[in-house]
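Trainee: Let the hints inform the model, and build the full structure from the sequences given.
Number of protein chains: 6
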Amino acid sequence: MFYHDGKLQYSVRVDTPNPVFARMLQQAIGGQEGEIRVAMQYLFQAWNARGPKKYRDMLLETGTEELAHIEMLATAVALNLEGAPPALQEQAAKENPLVAAVLGGMDPRHYLSGGLGALPADANGVPFTGAWVVSSGNLAADMYANVMAEATGRALATRLYEFTDDPGMKDMLAFLIARDTMHQQQWLAVLEELGGHTGALPIPNSFPQAQENGEVNYAFLSTHIDGPQTEGRWTQGASLDGKGQFSQRRAEPQGGEPQLAPPVPQVHAQLEQGADNPKKGEVLR
Amino acid sequence: MFYHDGKLQYSVRVDTPNPVFARMLQQAIGGQEGEIRVAMQYLFQAWNARGPKKYRDMLLETGTEELAHIEMLATAVALNLEGAPPALQEQAAKENPLVAAVLGGMDPRHYLSGGLGALPADANGVPFTGAWVVSSGNLAADMYANVMAEATGRALATRLYEFTDDPGMKDMLAFLIARDTMHQQQWLAVLEELGGHTGALPIPNSFPQAQENGEVNYAFLSTHIDGPQTEGRWTQGASLDGKGQFSQRRAEPQGGEPQLAPPVPQVHAQLEQGADNPKKGEVLR
Amino acid sequence: MFYHDGKLQYSVRVDTPNPVFARMLQQAIGGQEGEIRVAMQYLFQAWNARGPKKYRDMLLETGTEELAHIEMLATAVALNLEGAPPALQEQAAKENPLVAAVLGGMDPRHYLSGGLGALPADANGVPFTGAWVVSSGNLAADMYANVMAEATGRALATRLYEFTDDPGMKDMLAFLIARDTMHQQQWLAVLEELGGHTGALPIPNSFPQAQENGEVNYAFLSTHIDGPQTEGRWTQGASLDGKGQFSQRRAEPQGGEPQLAPPVPQVHAQLEQGADNPKKGEVLR
Amino acid sequence: MFYHDGKLQYSVRVDTPNPVFARMLQQAIGGQEGEIRVAMQYLFQAWNARGPKKYRDMLLETGTEELAHIEMLATAVALNLEGAPPALQEQAAKENPLVAAVLGGMDPRHYLSGGLGALPADANGVPFTGAWVVSSGNLAADMYANVMAEATGRALATRLYEFTDDPGMKDMLAFLIARDTMHQQQWLAVLEELGGHTGALPIPNSFPQAQENGEVNYAFLSTHIDGPQTEGRWTQGASLDGKGQFSQRRAEPQGGEPQLAPPVPQVHAQLEQGADNPKKGEVLR
Amino acid sequence: MFYHDGKLQYSVRVDTPNPVFARMLQQAIGGQEGEIRVAMQYLFQAWNARGPKKYRDMLLETGTEELAHIEMLATAVALNLEGAPPALQEQAAKENPLVAAVLGGMDPRHYLSGGLGALPADANGVPFTGAWVVSSGNLAADMYANVMAEATGRALATRLYEFTDDPGMKDMLAFLIARDTMHQQQWLAVLEELGGHTGALPIPNSFPQAQENGEVNYAFLSTHIDGPQTEGRWTQGASLDGKGQFSQRRAEPQGGEPQLAPPVPQVHAQLEQGADNPKKGEVLR
Amino acid sequence: MFYHDGKLQYSVRVDTPNPVFARMLQQAIGGQEGEIRVAMQYLFQAWNARGPKKYRDMLLETGTEELAHIEMLATAVALNLEGAPPALQEQAAKENPLVAAVLGGMDPRHYLSGGLGALPADANGVPFTGAWVVSSGNLAADMYANVMAEATGRALATRLYEFTDDPGMKDMLAFLIARDTMHQQQWLAVLEELGGHTGALPIPNSFPQAQENGEVNYAFLSTHIDGPQTEGRWTQGASLDGKGQFSQRRAEPQGGEPQLAPPVPQVHAQLEQGADNPKKGEVLR
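Residue numbers (full-length UniProt numbering), protein chains in the order written: chain A, 1 to 285; chain B, 1 to 285; chain C, 1 to 285; chain D, 1 to 285; chain E, 1 to 285; chain F, 1 to 285.
Treat the hints with care, as some may be off.
In silico lysine to any residue, SDA-like type, Cα no more than 20 Å apart, as pairs [to be verified]: (1) Lys-170(F) x Gly-256(E); (2) Lys-54(B) x Ala-219(B); (3) Lys-170(C) x Lys-7(D); (4) Lys-243(C) x Gly-232(C); (5) Lys-7(D) x Ala-261(C); (6) Lys-53(B) x Pro-265(E); (7) Lys-53(F) x Asp-5(B); (8) Lys-243(A) x Glu-192(B); (9) Lys-7(C) x Glu-257(D); (10) Lys-53(B) x Glu-257(E); (11) Lys-7(F) x Pro-253(E); (12) Lys-54(A) x Ala-219(B); (13) Lys-53(E) x Thr-235(F); (14) Lys-54(F) x Gly-237(E); (15) Lys-53(E) x Pro-265(C); (16) Lys-7(A) x Asp-5(C); (17) Lys-54(C) x Leu-260(B); (18) Lys-7(B) x Glu-257(A); (19) Lys-54(D) x Gly-195(D); (20) Lys-170(A) x Gly-256(B); (21) Lys-54(C) x Asp-5(B); (22) Lys-54(D) x Gln-229(C); (23) Lys-7(E) x Asp-5(D); (24) Lys-54(A) x Phe-246(B); (25) Lys-53(F) x Gly-256(A); (26) Lys-170(C) x Pro-17(C); (27) Lys-54(C) x Gly-195(C); (28) Lys-53(E) x Asp-5(D); (29) Lys-243(D) x Gly-214(D).
Keep in mind that the hints were calculated from the coordinates and are not lab data.
Mentor: Structure (C-alpha cells):
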C-alpha cells in the first residue's frame, strides 16, 4: 500500500520558463528511458517477486522512489510551460516567425491537450507504453533490465543537463543523475550477491547447459562474407562464466532450404500456388 | 550491405505440427524478447556507432546473425501451422468443442491474415514495435541493453523448450539457447574491455561526477513508512565502481509543496480555477 | 513524494487458482478501464493542477490509493497463475485437448514473458498506453473523465465478479466495486461544488458563449434522410444549463463542395492531377 | 446505412494558409479529443445498443454528424497547407532559419506522407487509435464517456480558437464549439432521463449494492501520511445518490504482506529463487 | 456531409450464435484488412483530393458505402455474442473445460469491455490504428493502396466464409466478397484511365526520370552470395512501362565503409568512444 | 541465412549536415513508406511462401537488398546530425530563437535518445510498427501490397529529393528512386506472370465466384443522396477481368433495422436497458 505527503523529493525551481525544455523533459517522464517506465518496472517486479523476500522489499522501495521522480519532472514541465501562452497569443496575432520558432520546438499538445501541463508521453508526444516494462520472473534478467534502464536514463539526464542553462533545472537534474548513479550500483550489487558472472551466467542459470547446443555456446560466429575480421575479448580465452572457451569461426548454414507444403484450399491462395493446380505449370514455364 | 543464400542457419524440423506452439513461437519473433528486436537493435547500434571501429564491426556480425534467427523461427511457425486447416474445417462443420480448444490456443490471425504463415507480432498478436530498440550512442549503455535482451531472450527460449515435446523443435531451441549464452558473454566481454565496473561506471562515464549531487549518489533511500527494513550489498561497503561508500537512509522530502501559477485565460480552464475570478471564493467557501 | 509499507490495502485470497481468470483480471490492471489508467490520470491531474489547492490535494489522495489497487490486482494475477505450470507441462507431454482449453483461455505471455506474473497490459495482452490518460487543465472536464473511468471501471469489476466463483476473488472485487462507488460520488461531488449543470456547463465555462455559433448550440440536428424521427429530453424544454432552449431540426449543409487547389509540383502527384497538365484533358475526356 | 452529398456541414474558409495551424487542427481530427474518436464512439454505441431503441437512434444521428465534422476539419487542414510548399522549396535552397521556423512548427508528414493533405493522426503525428473508443454496453457509463469526450473536445476547440486570427477558421470553430455545447447537453439529458444521480448511480445500477463492501462505499480514504487534510462535499453529508453518508478516514492496510509461492522449475527463474535450492541459503546469508 | 437511415445495407442474420466467430469477424472490422481502414482511407483520399473532381466524388461514394459495411459487421458480432453469457456463467459455476474452450476462443474484452458488443479492434483485440490509412496525395499510389486493401480484404472474407457454416453469415459474407470484387475492379479501372502501365508508371510519373539513377532503374539486383539464381519476366525483355529493358546482375557495394565522426562531448558517450580520449588507445590495444 | 560486408550499397555523402533533413529521412527508415517496412514485408513473404519456389527466391533477394537501404539511410541520418550539437549548446547558452528554429525542426530524440544517431521511427518519432507488414499467403494480394509500398515509397523519396539541395543527398536519393522504379516493375511483372487482370482477378482467384453475390459484384453503388452523379471506366463496359459487365445504381438498404436482444444480467447494463425491468416503461414514457 502507498502513502504520500504532497511534497517533492527534491526542490524543483525554474528560473526562466522554457517551453522547448518542457518538451525535452517529457522524454524523462514518458519515454523509454523515463521515470514511468522504471517506476512500473520495479513495482511489477516486486509484485511478481518469487524467491528471497529481501529483493521484493528493495524493489518496492526504489519503485516508490521513482514515483516521486515522475512528480518532480511533471512539476518541472508545468513550470517551464508558464512562459508559453503569451507567445502563443502573440503568434496568432502577428505571425511572427521568431515566435513560431518556439512553437516549432514546443509540444503543441502541452497547450492543446494538457492546458500547459505534463503528459504521460515522450519528447515527441508518443504515449508511454507498458510494452517497455520488463518483469520476467527471472531475478538476474530483471536486474540487467534495470541496469539498462538506469544507464540509458542517466545518459538522458546528462544530455538534458547539457541542454539547459537554467540553474534550478541543472540543480534538479544533478539530483536525478546522482540517483541514477546509485540505482546502477544497486542492481549490479544484487547481481554480485547472485554470484556475479560465474554464478549468475548464463541467465537463466537453472537451465541445464547440457541441454543447449554445445558446439556454438561459446563461439563467435562471423557472417562477414570474407569470414572473421575482428578480434576481442569475446573471441579467445576463458569465457566470463568460466564454463567454456571463446572461439571464433565463420557462420555457415547447417540447415538446407526450407520446404513448405502447398497452401490448403481454405486459405484461398492464388490458384498458381496450389500443388496440383492446372494453371501452375503454365505459370512457371 | 547484406547477402543471403536461402538456407537456414540451423535445421528446422517439426515432427508434429502444433498451431498452439506456433503462437508461442511468435513471442520469439516479434515480442519484446524476440529476434526482430535484437536484429534491429544490434544493426542500429552498428550503423550509429561512433568510436572504436571494432565494436561497429562486431555489432554488424551479430545483427546479421539474428536475421537468420528470425528466418528460422518464421519457418518453424509456418511448419507448425500445417496441421491447422483441417481442424479449422472440421470445427466449422461440426462445432466440436475439442477443436475449439485448439482454436482458442492458436492465433486467429495466423489463418485470417497470414494464410498460415508467421507474422511480425508477439504471442498475443501485438505487432512488433520499434519503440523497444535501444541505440543510445553510449556504448556501455547499449551493451547492458544487449545483455538484458539476451537474458530475457534466453529465459523465453528455455520456457519454449519446456513447453514442447517435439524433438525437432527442441533441437532448434537448443541451438538458439546456446547462441543466447554466447551473446550474453559477448556483450559482457565488451564491458570488460571498457573497464568493467570500475572503468565503465557510472554510465555515462564521461559526465563529471563532481556535477552530480554528492549527497545521494551512493545512498540507498528507503520510502518505507517505517524507514529502512532491509540490508544488502547495496547498503554498506565500497561501491562497485570504487568511487563511493554505500549508505542507507530514510527518504525525506527536500522540496516543499509545488506551487503552480493560476491558468492563463487562453487555456480556458473553468472560471473557478482563475486567480482573480469572482466565482472562486464562492467555490472554496 | 510517496511512501509504502509493503502490505495490501485489502486482503487478496485465491482459493482455486485459475489462469483464465488471471487473464481476465489483466483488464482491470492495464486495460482502458483499469487501475494503471486511473492512478496515472489522477496523479497527472494533481501534478498539473492550477487553481484551488484542495482539488490537487484530493487528487493526490485518490491517485495514491489507486496504486494500491494495482498492487492488489497484480498479486491476484500472480496467485491465480500458481496453478498454471503443471498444466503446461502436461500439455506438452500429452497434447491433451482439455488442457489445451486452459491454454487457449490463458495469456501465453503470463508464462513466456512474465514467468507466471502480472503484466502492465489488458486481457488480450495489449500493453497499457499513456494515450488514455486525461489531464486537460480544465477541472470540470477532468472530473467527467474521472466519472467515466470509474463508471466503466465499476462495470468491469461487476463483470469480473460474475465471472468467478472463487470466494477470495469475490471478496476482493466487492471491495474494489465499493471503492468505485465512492469514487464516482467523489468526482460528481466536485462538479456539484463547481456549480453543477448550471454553473459548470458548457465546459469550459470560461469561453464567452457569445462567441460560439448561436444558431446551433442548443439544437439537435438530425442526419436521418427522412429528418427527425425521435424525441427526448434533448429536443425540447429548457437546456440543462438554463442558458438556452432545446430544439430539433434536419441537418443541412451550410457549406458548399470544397475546392482544393491543384497539387504543387514538389509534391509529385500524378501528372493527371495537375491544373495545366497536357495529359489532364485526355484523362477526363 | 449511410449517404452523403459531397457538401460541407458548415463553410470552411481559410484566409491566410498556415501550416502550423494545420498541424494544430490535427488534434481535433485524430487526437484523443478529436472527431474520429467521437464519430466511432457514438456509432459503435449505436450498433451495440441493447435496450430502448430511442437511444440507438439518437446515437446514430450524432455519430453521423461527427463524420461531417471530420470532413470539415480535414478540408481545413488541406487549405491551411496550401501555403506550405514554396516555403519548403525556399528552405531547401537557402537554409533560411525563418523558414525553418515554419518547418519546425508544421508536421513533416503533411508534406512527406500526405502530399499536403490531412492525416488520421494527432498534432504530433501519433496515429488515431481505436483504443480510445468506449462502448461499454452500459448506457449510463457510455453517456459519461460521451460527456467527457465533448468536454475535452470543446476545451480543445476553444484553445484552437484562441490560437488563430484567421476569420474563416474562427468562424468554423465557433460552429464546432456550439455543436460541442449541444452535445454535452444531449448526453447529460439522457442521464437525466435515466434518473439522474439518484436513479443512475452507482453505475452500473443493476449490481446489487448489498454485494459490495459496505464499509468503504461512501468513505473518502486518505493516503496522506498525516491522515485526512482536506474537506469537501465528498467528506460529509448525504451521498449524491441518496444511498449513503459520506465519511472520511485514514487509509490503512487491511491485508498483510503478500506471499507468493516459489517459482516452478519450468519457468526457469534463477536457482537462488527456488524454495529448495542449495544456493539459496548462501545468497540470503 | 453524411446521412443515415438506420437500416442495414444487406441483411445480417445469425442462425447459431458463435462467440468464437464473433472474434474472427473483428478482423474484418478493426484489422489491417478491415472495413474501418478502407472507410477512413477512401474518405481521407476524397477529402485530400487535388485534381480531377470525378475521383474525389467516387472516393466519397465508396468510402460512405464502407461505413455501412462496418455497421453490418458490428451487428454480426453483437448477434454472434448473444450465445455467450450462459456459457460464461456455467464456466464460472463448474469450471467445465469444454466451456473453457469457448472462452479460449472468444475475445474476453467482448464481455469485459464491450458488454457483448463489437469493438474497433482486430481478432486479437489489438485496436484499430490510423497508421494503416494511406492518403498520399498521388492518385495512382492511392489506387494501388486501395487495390491492396481490397485484395487482402477479399482474402480475409473468403477465409471467414470457409470458417463458418452459419447460413446467415455465409450469405452476408457472399455479399461482402462480391463488393470486394467490384472494388478491386474499380480502383484498377482508375489506373486504366490514368494510362495503365505505360502511362502511370513509374509512380509518381511527374518526377523526371532523367534525374533518377539510370544504371539501376530497370535492373534486378541479386544479393545471393552466388549471384543471380532465378529468371522471370522481371529479368529480361522490355519493362512494363515501355521505358527500359530489364536486366539482371549481382548486387555489389558501390559505397565504402561509412565513417562517422567521434561523438561530441554533449552526447555523453563513454570516454572510450572519444577521438582524443586518453583511455581510448588502452581499450583498442 | 544472411551475410554482410560492412560496405554501403551506394555511397552516402553529406556535404552540409542538416538536422532538419535528418528528421525528414526518418520517414524513409521507419515510416509506413519506409525501408524497414519493405525489408520485413518481402522477407516475411519469402519465409511464408507456399507455391512456386521462384517467387520465394526473388522475395529473399529484394528483401535482403532493402536491408542495405535501411543501412544507407541510417548512415545518412547520422551524418546529417553531425552539425547538430553545437547548435544545441549555443541554444542552451543564449536562447537564440534562430537556433531554436533548428531545434523545432529536428527530432529531439535524435539527441536525447539516439546520441545523434538514427532511430527505427518515422519523421515524427512514432516507432516503426509490424502492423504495416503484409504477408497474406496469397501471392497476388502480396504483390499489390508490394506495388503500393514502392509507389508510396518512391513518392516519399521524390519529396525528399525536392526538399534538399545537398548534392550528396540528391545523389543518394536518385539511386533509391531508381531502385523503387525497378521494384514497382518487378512486382507488376509477377502479376503479369500470374495472368494479369484476366488471370489474377478477383483476388483470391481460388474462391468460386458462383459463391459470391452475383447481383453486386460488378456494380458501382452510389450512396449520394441524389443517386449516381459520375461516370467512369468503372460504371460501364466489360469488367477488367472479363468476367462481368460494369453497371451503376443507387445504393439501397437490403436489410432492415437491426434488432439486438436485451442485455443479459451478467453484463450489468443499466436497469433501464433490461427487457423486463420495472424502471423501463417509466423511462420511455
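Trainee: Could you work out which of the previously given hints the structure breaks and list their numbers from low to high?
Mentor: 2, 3, 21
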